[in-house]
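For this one, chain A is given, so just place chain B on it according to the hints.
Single-letter residue listing:
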Amino acid sequence: MSVLVYTEIAKGKIKKSSLEAVNYGSRIATQLNTSVTAVIVGDADVSELGKAGAKKVLKLKNDKLSTLDGMYLTAAIEQAANAEEANVIIFSHDFTGKEMAPRLAAKLKAGIVAGAVENPTISGDAFAVKKNVFSGKATAVYSIHSTKKIISLLPNSFPVELTEGTAEVSDFAVNLDAVNSPIKVKEVKKVTTELNLPDAELVVSAGRGLKAPENWGMIEELAKELGAATACSRPVADMHWRPHHEHVGQTGVAIRPNLYIAIGISGAIQHLAGVNGSKTIVVINSDKEAPFFKSADYGIVGDAFEIVPKLVAAVKNFKANHN
Amino acid sequence: MKILVCISNVPDTTTKIAFSADNSTFNATGVQFVINPYDEWYALVRALELKEAQGGSVTILHVGGADSEATIRKGLAIGADDAVRIDAEPNDAFAVAEQIAAYAKDKGFDLIMAGKETINYNGSMVGAMIAELMNLPFVSLATKLDVVAGVATIEHDIDGGTEVVECALPLVLSANKGMAEQRIPNMKGIMSARTKPLQVVPAVATDKLTTITSYELAKGRTECKFIDASTPEKLIELLHNEAKAI
Numbered sequence: 000m001s002v003l004v005y006t007e008i009a010k011g012k013i014k015k016s017s018l019e020a021v022n023y024g025s026r027i028a029t030q031l032n033t034s035v036t037a038v039i040v041g042d043a044d045v046s047e048l049g050k051a052g053a054k055k056v057l058k059l060k061n062d063k064l065s066t067l068d069g070m071y072l073t074a075a076i077e078q079a080a081n082a083e084e085a086n087v088i089i090f091s092h093d094f095t096g097k098e099m100a101p102r103l104a105a106k107l108k109a110g111i112v113a114g115a116v117e118n119p120t121i122s123g124d125a126f127a128v129k130k131n132v133f134s135g136k137a138t139a140v141y142s143i144h145s146t147k148k149i150i151s152l153l154p155n156s157f158p159v160e161l162t163e164g165t166a167e168v169s170d171f172a173v174n175l176d177a178v179n180s181p182i183k184v185k186e187v188k189k190v191t192t193e194l195n196l197p198d199a200e201l202v203v204s205a206g207r208g209l210k211a212p213e214n215w216g217m218i219e220e221l222a223k224e225l226g227a228a229t230a231c232s233r234p235v236a237d238m239h240w241r242p243h244h245e246h247v248g249q250t251g252v253a254i255r256p257n258l259y260i261a262i263g264i265s266g267a268i269q270h271l272a273g274v275n276g277s278k279t280i281v282v283i284n285s286d287k288e289a290p291f292f293k294s295a296d297y298g299i300v301g302d303a304f305e306i307v308p309k310l311v312a313a314v315k316n317f318k319a320n321h322n
Numbered sequence: 000m001k002i003l004v005c006i007s008n009v010p011d012t013t014t015k016i017a018f019s020a021d022n023s024t025f026n027a028t029g030v031q032f033v034i035n036p037y038d039e040w041y042a043l044v045r046a047l048e049l050k051e052a053q054g055g056s057v058t059i060l061h062v063g064g065a066d067s068e069a070t071i072r073k074g075l076a077i078g079a080d081d082a083v084r085i086d087a088e089p090n091d092a093f094a095v096a097e098q099i100a101a102y103a104k105d106k107g108f109d110l111i112m113a114g115k116e117t118i119n120y121n122g123s124m125v126g127a128m129i130a131e132l133m134n135l136p137f138v139s140l141a142t143k144l145d146v147v148a149g150v151a152t153i154e155h156d157i158d159g160g161t162e163v164v165e166c167a168l169p170l171v172l173s174a175n176k177g178m179a180e181q182r183i184p185n186m187k188g189i190m191s192a193r194t195k196p197l198q199v200v201p202a203v204a205t206d207k208l209t210t211i212t213s214y215e216l217a218k219g220r221t222e223c224k225f226i227d228a229s230t231p232e233k234l235i236e237l238l239h240n241e242a243k244a245i
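Sequences listed follow chains A and B, in order.
Residue numbers are given in numbering that gives the first Met the number 0: position 185 of the first sequence equals residue 184, and the series is strictly consecutive.
Residue numbers are given in numbering that gives the first Met the number 0: position 229 of the second sequence equals residue 228, and the series is strictly consecutive.
Bound conformation, chain A alone (with noise of 0.2 Å):
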C-alpha cells in the first residue's frame, strides 16, 4: 500500500510543484512505513522523481492521455492507485490538482484537503492537515477520517530536497474504453512570459501608484534584473493597465513568493490576502500611512520613480559582486 503521487512535465522537466508533491509524500510514506509511487503522464528524464524520493514511477499509457481531461487522467489515477493499493494520493494545488484532485476525491470518497502547507500530523487511521483558509487571513486543521484520503500541497510550502535515491520505472497501461469525454480541445495560448506566476520564487509587484501602465518599464527591469516575475493590483488590473493573470489578491491569484516586492500598492485588506503566505514583503510607497507597511519587513518611503531606478542599479551591481 504505497503513497501515490501525481507528477507533471513542463518544458521538457519534472515540474518544481511535482517535486515538492514527491517530498510530501515521501515523508508521508516513511511515517506509514511504505514507499512512494509517482505516477506521470508523458515522457521526460523522470530521474528527478526518485531523487526526490519516489521508489516507483509509473508511466500512465493511453491515447486518451494527450489532454489534461479530468474524465480521463482521473480514471486512470484511480487504476494505478487500485494496482499499488494506495489509500493516500498526494498532488500539487496546481491548476492540475485543482481540477483533478477533487474529481478523483469524489469517485473515491476520499477526504480531500486542498491546499495543504504542513505535513500531515497521523494519529491511527485520521491525518490532521493544516490549510490556509479566509484567503490567507488564517489556517484551519482539517481531520481526514475516511480511509482513502487526499492532499493537495500549496506550491512553495516546502524547499525541494534531492537525494541520491532513484526509482524502479514503469510503463502502466490504462485502460479507458469505457469512459469518453465531449471535451474537444479547440485551441491552447501559452503566455509568453518565462516565468509563471504562481511558481515564482521573486515577484515584483505594482499598482496605482505608477500613475500609468506606460510606466512599467521599470518594473519589468527590476523583475527582469532580479529573475523574478511580476505581477499587479486589483485596480491595475481592472483598469486593463495589466493583463489579468497578473492579478494578485483575494479574488485573482493568491501567491506565496520567497520575495514579494510591493511598490505604488497601497496593501488594502484583499490585496494582503493573496500575498501574505509570502516569506519576506517589501513595501515601496510614497504615503507612509500606506497600510501595507504594517504587513512588510522591509519599508521604503518615497517616490517610486525615483526609487527603483536606483534599485535597478543596485542589482545590476549586486549580481556583479556576487557572481
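Each hint should be verified, as a subset may be incorrect.
Some residues of chain A that are not near chain B, with every Cβ distance over 10 Å (derived) [what the hints assert, rightly or not]: (1) G11; (2) Q78; (3) A105; (4) K136; (5) T138; (6) S145; (7) E305.
Where chain A lies over chain B, by a calculated footprint (3+ residues, C-beta under 8 Å) [what the hints assert, rightly or not]: (8) 50-62; (9) 74-86; (10) 89-100; (11) 131-137; (12) 144-158; (13) 165-178.
Just so you know, the hints here were simulated from the structure itself, not pulled from any lab data.
The structure displayed is predicted, hence computed values, not measured ones.
Every residue, glycine too, gets a C-beta built ideally from N, C-alpha and C.
This is chain B only, laid out in the frame that chain A set:
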C-alpha cells in the same frame, strides 16, 4: 437553456476574521455575509447574460441554513428566476457536492456553474465533485463562455496560459475573473426578488469525510524595517544578508 448556478454564503471581503475563544469555530458576530464573489460576479452574471440573449432560465442553488436567505434574495435581485436552498450545514465540500448532485440529477440542467473557489475555505472542490457525482464533464477556471446550438465554447486558464475547449451540454464549469462584470441590483430587481420562488429542499444523507478541528489567525509581521529613500541599495544588502531572499 436551463442553467443552475451554485452560490455560497461568505463573509464580505473586508471582514476582519475572528474565531471562538477555543479557536474551534468561526465567529460570525457582526459579520456581513455576501454571495461568494466568484459565484456572483462571474458565474451568475454570465448565466443571466446567456439567458437574456437566448432565453431559458437561471436557478440559483445554495446549501445552507435559513440564515443565508438574505444572500439568496440578493441573487434573485440580480436577476435569477428562482432559488433553491438545500437545508444542510455546508461544512464539508464532498457533502455539499452530494447535496447538489442529488437535487440536480433529474432536473435536466444544461449548465451547472459555480465560482472557482469560495473566499472563506478556498477549496476549489465542489464543481469538480458535482461533475464526478453526475458523470458530467467539468471545465475549471473558465474566463469566457458562449453557447451555440447546445455546444459550449469555453476559454479557461491552464498552467502557463489559456485553452479553448468545445463541449456539448450538459456540463459543469467553474468561473474565474473575466467571465462577466459585476451587476448591482436595481430597485425593480430588489422588489421582485421578494416574491420570486425560493424553494427549501430537505437534505439527503451524505458522507462527511473531513472535519475542521481548529483555526488559527495568520501570524502578522514583527515590524517593518525602514530604509531611507536616498539609499535603496541598502535594501538589496538586507535582502541578501538578512532575509536571504536573494
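| message | Tell me the numbers of any earlier hints that the structure contravenes, in ascending order. | response | Hints 3, 4, 5, 6, 7, 8 and 9 are the ones this structure does not satisfy, whereas the remaining hints hold.
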